[in-house]
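A.B. asks: Please arrange chains U, E and S on chain G, whose structure you already have, making use of the hints.
Protein chains: 4
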Amino acid sequence: MKKNITPVYYGDYLQLDKILSAQSLQSEKYGAGAHDETLFIIVHQVYELWFRQLLHELSSVIDIFSADTVKDNQLITVVHRLQRMVHIQDLMNDQISVMETMTPQDFLAFRDYLVPASGFQSIQFKQLEISLGLKREYRIDFDKQSFYKRLNDEDRAYLEDLEQKQSLFELVDKWLSRLPLLKKDEFVFWQHYQHTAEQLLEADKQIIVNNTALSDSERRGELKEWQNNWDNFHALFNKVEYEEMRSEGKFRLSHDGILAALFIKQYAEEPIFNLPFQVITTLIDMDEKLTLWRYRHAMMVQRMLGTKIGTGGSSGHQYLKKTTESNRIFLDFFNMASFLLPKDSLPPLPEAIKKYCGFYIGHTGSNTTNSQLAT
Amino acid sequence: MKKNITPVYYGDYLQLDKILSAQSLQSEKYGAGAHDETLFIIVHQVYELWFRQLLHELSSVIDIFSADTVKDNQLITVVHRLQRMVHIQDLMNDQISVMETMTPQDFLAFRDYLVPASGFQSIQFKQLEISLGLKREYRIDFDKQSFYKRLNDEDRAYLEDLEQKQSLFELVDKWLSRLPLLKKDEFVFWQHYQHTAEQLLEADKQIIVNNTALSDSERRGELKEWQNNWDNFHALFNKVEYEEMRSEGKFRLSHDGILAALFIKQYAEEPIFNLPFQVITTLIDMDEKLTLWRYRHAMMVQRMLGTKIGTGGSSGHQYLKKTTESNRIFLDFFNMASFLLPKDSLPPLPEAIKKYCGFYIGHTGSNTTNSQLAT
Amino acid sequence: MKKNITPVYYGDYLQLDKILSAQSLQSEKYGAGAHDETLFIIVHQVYELWFRQLLHELSSVIDIFSADTVKDNQLITVVHRLQRMVHIQDLMNDQISVMETMTPQDFLAFRDYLVPASGFQSIQFKQLEISLGLKREYRIDFDKQSFYKRLNDEDRAYLEDLEQKQSLFELVDKWLSRLPLLKKDEFVFWQHYQHTAEQLLEADKQIIVNNTALSDSERRGELKEWQNNWDNFHALFNKVEYEEMRSEGKFRLSHDGILAALFIKQYAEEPIFNLPFQVITTLIDMDEKLTLWRYRHAMMVQRMLGTKIGTGGSSGHQYLKKTTESNRIFLDFFNMASFLLPKDSLPPLPEAIKKYCGFYIGHTGSNTTNSQLAT
Amino acid sequence: MKKNITPVYYGDYLQLDKILSAQSLQSEKYGAGAHDETLFIIVHQVYELWFRQLLHELSSVIDIFSADTVKDNQLITVVHRLQRMVHIQDLMNDQISVMETMTPQDFLAFRDYLVPASGFQSIQFKQLEISLGLKREYRIDFDKQSFYKRLNDEDRAYLEDLEQKQSLFELVDKWLSRLPLLKKDEFVFWQHYQHTAEQLLEADKQIIVNNTALSDSERRGELKEWQNNWDNFHALFNKVEYEEMRSEGKFRLSHDGILAALFIKQYAEEPIFNLPFQVITTLIDMDEKLTLWRYRHAMMVQRMLGTKIGTGGSSGHQYLKKTTESNRIFLDFFNMASFLLPKDSLPPLPEAIKKYCGFYIGHTGSNTTNSQLAT
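Heads up: the sequence lines are chains G, U, E and S, in that order. With the working numbering, letter number 121 in the first sequence gets 121, and the count goes up by one each step, no holes. With the working numbering, letter number 202 in the second sequence gets 202, and the count goes up by one each step, no holes. With the working numbering, letter number 31 in the third sequence gets 31, and the count goes up by one each step, no holes. With the working numbering, letter number 115 in the fourth sequence gets 115, and the count goes up by one each step, no holes.
It is worth saying that the hints were derived from the structure and are not from the lab. Just so you know, these numbers come straight off a predicted model, no measurement behind them. Careful: at least some of the hints might be erroneous.
Heads up, the list lumps identical chains together, so a pair's fine if it works in one copy or across two of them.
[As the list claims (entries may be wrong)] Quick list of in silico lysine-lysine cross-link-like pairs, DSS-like style, CA-CA up to 27 Å:
id, residue 1, residue 2
1, K174, K250
2, K149, K18
3, K343, K205
4, K149, K71
5, K149, K322
6, K205, K321
7, K322, K205
8, K205, K29
9, K149, K224
10, K321, K135
11, K165, K135
Just chain G, with the same shape it has in the complex:
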């Protein structure tokens, strides 16, 4: 027990005077109090509180990755906080079902009083998008033009400034690129890897060719898709080609970054790669939950408004559907599943890596296990 702590009262500590007095109904202001406007306000306020928490965690993770060196105990913290973010996202996704207890007619009772306010104006959500990595260049065309409209000057300036800072995506890419996994002397390793992967992809091609359930046009479509995969795969071994495809939007990670990530996913069960693997997996979870939120959000808007415009004066449902697939941030981590080898086809770890891992398996003569804690 700390000394000299001033006693705290629950309501004061949580500043409930502010929190619980922040629900002013527009409908009441115009003499037409609508019961469900309270729900509408509170659901949005809860979202903003969760955004605040997500930004709190994200900002601490960005700080850690901003340093030149990320220690293992820091990675533990990173994984812990990213996983907490995913938990909160789960809750945010489920929360949509609470909003859906409002019928379209209940919404119509106050919708017109809110014009032109809109979720587009949630600074915290935009902040989240930018800080995760959804910077201008990656946004859909609609957003490229209108992301900053509707905001007041102060908010716009704040976000414009944020666009200049490093996002989680950029920092993770740099961290991956710095991992000492991909030296020249690993040439033989990658050669082996490439050879095995090609065989697997070729086998897939044969499945398509021999698949009698496909019509000719379907087969052509599948083979085209297969060819894309083949091309993407080969770009991994040709930096020039890779950068060209990256400039066309086919990849987002840097060349070094994607190779490191691929390596980590392949050898996830090596203790030394386990924490980096958990970082990648949690970012996949986060990306998936975010796109799911957009999708559920789009469904909810469609229930409520059909194909009408939202209070912000543009079609919320269409916008949300468009961004659902496009605004993916860590999509490369999903797509690289296309190139993974089964464990039993993995080439032996290159010597250079083995050396790094060496202390695990041989740092004392007598210990035959891979950790001092092993028992």
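C.D. replies: Positioned in the frame of chain G, the structure of chains U, E and S alone reads:
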């Protein structure tokens, strides 16, 4: 589109200046900023926002039931809002898993700065309990004594005042009692009902007697439990006996109330009883979610503190476990499942009731279905 | 207690000998036992058990709607069973996260042994789609061609036969069309309705025109969308035009069906419309959960395979994404939110309808409430 | 693509002929087909499939812990599989809400045909309990007597045999005890630890003493609870006393086991302790989900049967409530939160441990970070 609406800005509408500036860390005040205190504050603020929404819905439902007459379209509103409350409870229950991402050590980093603040001081939660029906007489002994301690004078006065008002439980009980289902001329009906139910209970007794898997002492235990059921059942037909058992806490609903509820549950698929049945079912859901929340809350506290005292200076885990089972409000609705008859054993509806339902099945000579909307 | 019941043993009753002996690993057959293939099998078997349950409920609901007349107590049963289906869908959606605990590499360890088995071959799922209303004409082009490929003759014949039977969509449409809501003498009502809705749509147009946040091209886009809404709305009052748009796929419900549904949604809080409204709402929920399942499924496949082909020899992720939006069945119920009026703008109920509802509000001289149960 | 793979058909692979033909309604056998019996059967079959999956994972984890040495990459596998079990438990808990869509009356329509079958006869669930660690000595009295009744001879023999094998609890306890953390030269460490923890406990005592919100009797209660904590804590440093308290059921872990666990929880963010910490945390999750399942199960039975006996001929609700709290397996991991120190009060790691961790921070002269992967 309404005329002359002053344009609204998202952040102003939601009063985000208040909402997002209400997180002041105690740990920072004492120069020992703890990362997870933000989570702790925000999780509690979100709970308080949901409590506010629950109270908003509850208060509107209480208003409806406070009138002498509750029309069917009002029952539709009641069911809709109670079901929304249940949705919010689901979310609140899942939210505990977000809090559980905080480790005991993370909590220890700021716990001592919060003394003696405590969830016991959440006025809104106490308000919810009282308004649902958890008034003084029904609280566990610990609560009888300490429910109002720890509160400041203003909060205590506010809640003491609330204890005088009618709770949802009381109003639902009165509404049930007023339903014109239980006139004297239904004597034959209840006689038939009693006779059939006795046969079913007797059959259960035989199952116990013949159950070779039970030891003698187990059989005695089961038979004692069975005898309780039998006694409870017979009290339904003897108002004096019922009231005595009620005063011992074996029932909470009034005698008329419990008979009406039983009737409604039996004939739930008669259109005229469907809305009342939905009211009862949703109250069962609500009671179940609330007790589940207490239970999950108790588990979470145990993870965090083990058997130590909480910041309020008493054992949160023990308290929460105690109240989990005891603080049930609509328990009678659960327990009456003991006396339900299968549909094929139901006595025919009494004439008096049939007359009430008559307009459904015969108000025009030509219509053979039970509703004009039937097609 | 029934007489002469042969005693039952838990494992026999559930036929656990069959259920628990139905997991044969392909990987083991080829001498390369893969730990996670058990999960893969069991997750799919659980899905098939839930499909079976969904089909059980669906089939009973189809039976009810197949009769010429649907009574109110049958609607109660319908709503109850549809809501149960939605509960099961929730569980099925969450179940995807269990599958996602399998890493791409874990899957690669046995994937090749499964060729060409594929979820495309789940007869029960196809049965569910067809019985809900996803018949040939509504499928995406890919499905039009390949829906029946990959199936053996028996399965194909079974489903082809099912295509001839009435689906839930068709039956609900007919049921709606039969509702006696839209007689000629309601002309004045619809005139009033049309007039009010036009004013609201016009107001929306002004919001777009005056929305300075939109660029010129965005404004053109929004106005085009608005015009679509306007055209769709007017088609409601012109059967010829409506049928033309319906043949282009802009609507799916019959003209009478959509007007009845619109009517019901508008007057949902009239007791007589409450059960039909619950039917519609639950079908909206069902459609939403199903599309959500497709979307989550697509995400899961992308995690597992990236852009590679599935075991069935075609791209699962692409297919699932395509069907997510296209394979909507009750989309009209969502889109009609575009045309709803706020409660305070609703025209008075037409006389003909009032008469139908009359027994609620006036069938006895003395009763001033709208139900005999009102108290 | 493997060579010479016999093509597989979806339905054959999943043995759907067995799975989908295993639903025979007892009610139909007696000519009184009950619609909801299908749900009842399928819900239980799904549970049995999940039990099978849980046992598959559990058995693989038990195999790993049964070896003399557990390597780090094996711990990765252990954590992964335990976390999958927790995911499945989440689903199983939510599944109760599907069962709750069955009304008491729907259940009554077939309940009597099931006598004396009962969930008590689920061999897989009993197997799960025993293998996790709920062996005879730890069961509640009721279970001590009746756990094996109601089973046929074969099932009983199978489980009796399982009681002789090592449970996960026992194996984890042994693994913890073997961790080389608690040598004699750590005496100074534990002395420091004890001293600090005593100060914290003393501070808690002062909070109770000074808590004016407590009545005298409450204060006595809290002080008694505090004294228990104090005694438990001191038993950690006195093996004789500890074993005595353990024999009274106050602890379940061995003395070495609990000290190791405490150590790991304290230093969870040291990379070398991270995997063991995750093992402990996931076991906490598992225990919590299991008790939650019992609790929700008890609620569901109460809704369905009130206080009546179940088909097995004894009170399911009472039994489930009793086991909810008592049948905890890893309760020590919860309770040890009582003795944790805040990070800033932790004594420096003992030299012996530091040496074990040494390779992380100093195994090459030049590397200043704690892992070769650090960047």
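A.B. asks: Would you mind marking each hint as holding or not holding in the structure?
C.D. replies: To see whether the hints hold, each was checked on the structure:
no. : hint        : result
1   : K174 / K250 : within (19 Å within a copy, 48 Å between copies)
2   : K149 / K18  : between (29 Å within a copy, 24 Å between copies)
3   : K343 / K205 : within (21 Å within a copy, 56 Å between copies)
4   : K149 / K71  : neither (41 Å within a copy, 48 Å between copies)
5   : K149 / K322 : within (18 Å within a copy, 32 Å between copies)
6   : K205 / K321 : between (33 Å within a copy, 22 Å between copies)
7   : K322 / K205 : between (32 Å within a copy, 22 Å between copies)
8   : K205 / K29  : between (66 Å within a copy, 25 Å between copies)
9   : K149 / K224 : between (40 Å within a copy, 21 Å between copies)
10  : K321 / K135 : both (19 Å within a copy, 25 Å between copies)
11  : K165 / K135 : within (10 Å within a copy, 52 Å between copies)
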